[in-house]
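Given the sequences, and given the hints that come with them, work out the whole structure.
Chain by chain, the residues:
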Amino acid sequence: MGAFADAARSAWGLIATGDAALLDIVGLSLAVSLSAVACATVVGLPLGAALAIGRFPGRRAIVILLNALMGLPPVVVGLAVYLMLSRAGPLGAFGLLFTPGAMVIAQTILVLPIIAALCRQAVDDAWAEYEEQLRSLGASGFGAALTLVWDIRFSLLTAILAGLGRASAEVGAVMIVGGNIDGVTRVMTTAIALETSKGDLPLALALGGVLILLVIALNAVAHVVKDAAQRRYG
Amino acid sequence: MDLSRRALVALAAACALVTAHAQSTYITVASTTSTEQSGLFKHLLPVFEKKYAIQVRVVALGTGQALDMGRRGDADVVFVHARPLEERFVAEGFGVQRLDVMYNDFVLIGPQSDPAKVAGGKDIVEAFRKIYAAQAAFVSRGDRSGTHFAELALWKSSGIDIAAAKGAWYRDTGQGMGPALNSAAGMGAYILADRGTWLSFRNRADLAIAVQGDARLFNQYGVMLVNPAKFPSVKQGAAQAFIDWLVSAEGQGAIAAYRIGGEPLFFPNAKN
Chain A
1 MGAFADAARS
11 AWGLIATGDA
21 ALLDIVGLSL
31 AVSLSAVACA
41 TVVGLPLGAA
51 LAIGRFPGRR
61 AIVILLNALM
71 GLPPVVVGLA
81 VYLMLSRAGP
91 LGAFGLLFTP
101 GAMVIAQTIL
111 VLPIIAALCR
121 QAVDDAWAEY
131 EEQLRSLGAS
141 GFGAALTLVW
151 DIRFSLLTAI
161 LAGLGRASAE
171 VGAVMIVGGN
181 IDGVTRVMTT
191 AIALETSKGD
201 LPLALALGGV
211 LILLVIALNA
221 VAHVVKDAAQ
231 RRYG
Chain B
1 MDLSRRALVA
11 LAAACALVTA
21 HAQSTYITVA
31 STTSTEQSGL
41 FKHLLPVFEK
51 KYAIQVRVVA
61 LGTGQALDMG
71 RRGDADVVFV
81 HARPLEERFV
91 AEGFGVQRLD
101 VMYNDFVLIG
111 PQSDPAKVAG
121 GKDIVEAFRK
131 IYAAQAAFVS
141 RGDRSGTHFA
151 ELALWKSSGI
161 DIAAAKGAWY
171 RDTGQGMGPA
181 LNSAAGMGAY
191 ILADRGTWLS
201 FRNRADLAIA
211 VQGDARLFNQ
221 YGVMLVNPAK
231 FPSVKQGAAQ
241 AFIDWLVSAE
251 GQGAIAAYRI
261 GGEPLFFPNA
271 KN
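Chains A and B, in that order, give the protein sequences.
When we follow the numbering used here, the leftmost residue of the first sequence carries the number 1, and every step to the right adds one.
When we follow the numbering used here, the leftmost residue of the second sequence carries the number 1, and every step to the right adds one.
No wet-lab data here; the hints were simulated from the structure.
Heads up, some of the hints might be wrong.
To be verified - Residues on chain B that point at chain A, a partial pick, calculated with CB under 7 Å:
#, residue
1, F94
2, R98
3, Q135
4, W169
5, G178
6, N203
7, K230
8, K235
Said to hold, decoys possible - To spell it out: a stretch of chain A is covered by chain B in this simulated footprint if at least three of its residues, at any positions, have a beta carbon under 8 Å from a beta carbon of chain B; those stretches are:
#, stretch
9, 75-88
10, 94-104
11, 174-181
12, 196-204
What the hints assert, rightly or not - Distance ranges between label pairs, derived from CB positions:
#, chain 1, residue 1, chain 2, residue 2, range
13, A, R55, B, K166, 51 to 59 Å
14, B, E126, A, L201, 27 to 35 Å
15, B, D206, A, A8, 24 to 32 Å
16, A, L201, B, A256, 24 to 32 Å
17, A, A20, B, D206, 35 to 43 Å
18, B, P264, A, G2, 45 to 53 Å
19, B, A164, A, D6, 42 to 50 Å
20, A, R153, B, A205, 35 to 43 Å
As the structure is a prediction and not an experimental result, all values here were calculated from the model.
The beta-carbon is built from N, C-alpha and C at its ideal position, and this holds for glycine as well.
This is the structure we're talking about:
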């Protein structure tokens, strides 16, 4: 239990002193994961809504695939993105490997199926409830989808937060495509992996504590914003 | 709409932050976990970066993986420790020239209970035979790293065909040096480690050095420029400046000055 006490003490020390290296790492973690979630949201919500309301051949297969892809192993995504972005790979000329941009791409791929699949389910449920009503109002498929997404926008927040949880927690993909370069691509999870490698378990655990606090804070902010918005526009 | 516009602004700011890092001149160095995790780069790089205004970005992998990174053109410089593999890398045309930089040595780490009775010995090959005879737990890196290759060479010198001889006692972990040491600490197993990582490793539990000082435990590090003729993306000027500095009197002095608890971790031995 000594390790946990040490960890709690050094976690507090890191936060209380506003450790500059830690702030950089936290900032980059936030920038990378929030960018990835933003990109995945822009693509994932329309995709999920289209799958919920559209009727076309192969739709069921796509839905099954999307649900399965929620469990994409980060290491595999990291490896695939690595091979694409490598100088010897098809997108090598852009020189994106080992940059935060590469990390955003990898995390977007990881997060997209989660947001799209959860959005599809939510819109599907709402569609089952309001289909007749919307049809009687003469809404087209596209118009109906828009109305529904807008109607359940607050529940979709949970889908986005689930995506954020995935992005901020994963280490396998960002480690491979980012390279865990000090001051450039080191984020919370790769820093934790590094300290574990160095055998500094209390510091690794302390960083883990800071990461969890950060995720809780993000969720709290999202919740408060949602409540305020709901009161105002609900 | 206002909310979404604000979100866009935030996203743009995040992207700006992300790309701001990529402005200054930098080179990418593929190196080993031993040089990174021992703290050597944290000591060396600020000295070089200040003088040349070139940022050095280190990606720490096993030697085999680091060389593969060079083979794909994803690094400008490769700085590793497995001479035969490095020479093949240069012979294949991926590296321009291999230069000696420094050395340290491997040490056999083991539990203080010493089930194979090897502690205090000076003959590493004899120790490997005893571990095999006692079927004492042994953790292998198993990750094509420089240390893994050194371990395999020692089994060979011991006359033990490890591919055939391995059993439950031989634990092939496929991990970096630090995680493998964590595993060995948890299992009370023997493990071959580089001295640098061992000296800076914190979670030692019951482990201690069992065998050291055998000439066969010598561990040479070499540096190579990735061939710009093969990969035009290689930043030849900046990368060559880093290599030249490493083998210069100043770079060699900086390597010698890195110590933990008064003990040097690496000994410079560049040839000029």
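Inset, instruction - Tell me if B:G178 is really an interface residue toward chain A, meaning its C-beta lies closer than 7 Å to one of theirs. - result: The hint holds - B:G178 has a Cβ within 7 Å of chain A, the shortest such distance being about 3 Å.
Inset, instruction - With chain A as the partner, please determine if B:W169 meets the hint condition of a C-beta pair closer than 7 Å. - result: 23 Å, violated
Legend entry - Distance restraint hint 24 to 32 Å, applied to the beta-carbon atoms of B:D206 and A:A8: The hinted range 24 to 32 Å holds for B:D206 and A:A8, with Cβ atoms some 25 Å apart.
Legend entry - A:R153 paired with B:A205, Cβ distance criterion 35 to 43 Å: Violated - the Cβ-Cβ distance for A:R153 and B:A205, about 52 Å, lies outside 35 to 43 Å.
Legend entry - Verdict on chain B covering the stretch 75-88 of chain A, criterion of 3 CB contacts below 8 Å: holds (count 3)
Inset, instruction - Could you see if the CB distance from A:L201 to B:A256 stays within 24 to 32 Å? - result: 31 Å, holds
Inset, instruction - Look at the Cβ atoms of A:R55 and B:K166 and judge whether their distance stays inside 51 to 59 Å. - result: 58 Å, holds
Legend entry - Beta-carbon spacing of A:A20 to B:D206 - inside the hinted bounds 35 to 43 Å or not: Given about 36 Å between the Cβ atoms, the range holds.
Legend entry - Interface restraint verdict for B:F94 against chain A (beta-carbon cut-off 7 Å): Violated. Min distance 11 Å.
Legend entry - Cβ contact check, 8 Å cutoff: the stretch 196-204 of chain A against chain B, three residues minimum: Per the Cβ count (6), the hint holds.
Legend entry - Restraint satisfaction for B:R98 [CB to CB of chain A, less than 7 Å]: 21 Å, violated
Inset, instruction - Please verify that hint: B:K230, Cβ, nearest Cβ of chain A, below 7 Å or not. - result: Hint on B:K230: violated, closest Cβ of chain A at ~10 Å, above 7 Å.
In this structure, the hints that do not hold are numbers 1, 2, 3, 4, 7, 8, 18 and 20, in rising order.
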